[in-house]
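Q: Sequence:
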Amino acid sequence: MKKAPCIAILGTGSEVGKSIVATALCRLFVNKGLRVAPFKAQNMSNNSGVTPEGLEMGRAQIVQAEAAKIPPHVDMNPILLKPTGEIGAQVVLFGEAIAEKTAREYHRKKDMFFSKACHALDRLRLAHDLIVMEGAGSCAEVNLMDSDIVNLRMAEYADAPVILVSDIHRGGVFAQIVGTLACLSNKEQHMIKGFIINRFRGDISLFEDGVGWIEKKTGKNVFGVMPWYDHFNIEAEDSVIIENPVSLPTLKKDTPAIAVIRLPHISNFTDFDPLSSLKGLDLFFIEKPQDLSNFKAVVLPGSKNTRWDLRWLKKTGWGDIIKKYTDSDGHALGICGGYQMMGRYVHDPHGLEGIPGTSEGLDLLPLETVLKAPKTTTRTRFLWENIEGTGYEIHMGETRRSSGDGLFDIIERNMVPCKTEEGCKTNNSKILGTYIHGMFDTSAITQKWLATIGISHIDVPDTNHLEVKDKAYDLLAAHFEKHMNTDAIFDLI
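Numbering (the numbering used here), first residue to last: 396 to 888.
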């Protein structure tokens, strides 16, 4: 059976726009009548989601699958590395956590992981008309080329033409492109068929000479210059807001504000996208400890290293500040790792997050957590009183309440009906905790939580979140098609 062709989107560096270009191409090609699937052999991110089968994969490829109008599958992201510290990461293979490894340990087995990724790609190629591949970071990290299984080596295996994405907003776009090519062998240079210049501000006609210079210097096409965009409301793999948290936010007198603590190992920051898009509400990711009295609520988000981030909260003074805030009737919400931190203790008898031991929690909720395998990964339906919501769970560990009430009633996990309580709340519902990511994707749940923290005047649009995202993918594809030489891109395949 004939395998589908592939096209590879690689970059001159990290955060140059590979993911958004791949997403645009997925929607563009599927709108042309092709059966399209995304693929990224190896993703390093703490922003993950759950497939319909209850398996874990990177959210960037989940977004791209949505753009391609197909369910996400772990073959689209066979290897997910979730950083747990400076040199280590949890390795998720085909949706299941298999080990904690340092970079050196992982690289020793790179050939095995490459083989697994190739098999995944082959399966996708047999089931679709086109595969849109995405690389990682820079494709020309000369010190890592021998161990790189996601960029040019994978493109060569797939016999995929390569489009190189560069970000002009950062400056130095000419050096990015020419320098990348200079670091590659003649064979690798030949694989690159052209360039996309991303995030141009201002009058694009002023860059025509720049396009001409690049094409003359390299002998390759510039497929287009993408104007600056920030209005499509499409999930980002990485976030400028996350990487550059607000130090001292300016609070508006008549606008309620919510503080999300920017933990060192924050995960699943896209949980808060629906809140950040609401008119009349300010949401800030905050790293530097400060007074919280003027915020309507404080949120502890997910974490890939709960005990490390818990120590950070206490060392920086955040723990005392949050405790003072809640003692003064402030509202608090913990999600996943943040939920675990809110309890009395977090036990790690097997050293899943480092040295085995027990950490004292913030003692905001009457519960204890034991970190242990296997990892829970579910798509979840739940009730908050009489309101139904959906989300997903990704966590290592079991949390038990010694008193208090459950927050949600679970009615389904991975399409299997069930009836159990989840989460925890104080008697006055001032302090809430849950393992469920994505709860704010349900408008009615968002409205209820806002009312719970004393915000009842903000209108939460009663919209289907999937429909909103679907329209955003079409807008992105139209924007891409308007500014790219799509005929030349089609000719590559």
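Treat the hints as calculated values from the structure; they're not laboratory data. Any given hint could turn out to be false.
What the hints assert, rightly or not - Pairwise CB distance ranges (calculated): (1) V811 / A494: 41 to 51 Å; (2) A839 / D722: 51 to 61 Å; (3) A498 / G566: 39 to 49 Å; (4) S580 / T497: 22 to 32 Å.
Stated by the list, open to error - Straight line, CA to CA, 30 Å or less: simulated DSS-like cross-link-like pairs of lysine-lysine: (5) K877 / K615; (6) K719 / K496; (7) K866 / K843; (8) K427 / K397; (9) K843 / K825; (10) K427 / K674; (11) K864 / K877; (12) K511 / K588; (13) K588 / K464; (14) K825 / K710; (15) K691 / K496; (16) K648 / K612; (17) K496 / K709; (18) K674 / K397; (19) K505 / K866; (20) K718 / K648.
For glycine and all other residues, C-beta sits at the position ideal for the given N, C-alpha and C.
Q: Are K719 and K496 close enough, with their CA atoms no more than 30 Å apart?
A: violated, 38 Å
Q: Next pair to validate is K588 with K464; report whether the Cα-Cα distance is within 30 Å.
A: Given that 30 Å is the threshold and the Cα spacing comes to 27 Å, the pair holds.
Q: Mind checking the alpha carbons of K648 and K612 for me, to see if they're no more than 30 Å apart?
A: violated, 54 Å
Q: Need the status of pair K691, K496: alpha-carbon distance at most 30 Å?
A: violated, 40 Å
Q: Next pair to validate is K427 with K397; report whether the Cα-Cα distance is within 30 Å.
A: holds, 21 Å
Q: If you draw a straight line from the CA of K825 to the CA of K710, is it 30 Å or shorter?
A: holds, 25 Å
Q: What's the verdict on K864 and K877, does the C-alpha distance respect the 30 Å limit or exceed it?
A: holds, 20 Å
Q: Quick one, are K877 and K615 close enough, alpha carbons at most 30 Å?
A: holds, 21 Å
Q: Is the distance from the Cβ of V811 to the Cβ of A494 consistent with 41 to 51 Å?
A: About 28 Å separates the Cβ atoms of V811 and A494, which means 41 to 51 Å is violated.
Q: Is it true that the C-beta distance of A839 to D722 lies inside 51 to 61 Å, as the hint says?
A: Hint violated: Cβ distance 31 Å, outside 51 to 61 Å.
Q: Between the alpha carbons of K427 and K674, is the straight-line distance 30 Å or under?
A: violated, 35 Å
Q: Would the hint linking K496 and K709 be met if the CA-CA limit is 30 Å?
A: holds, 27 Å
Hint compliance for this structure: hints 1, 2, 3, 6, 10, 15, 16, 18 and 19 are not met, and every other hint is.
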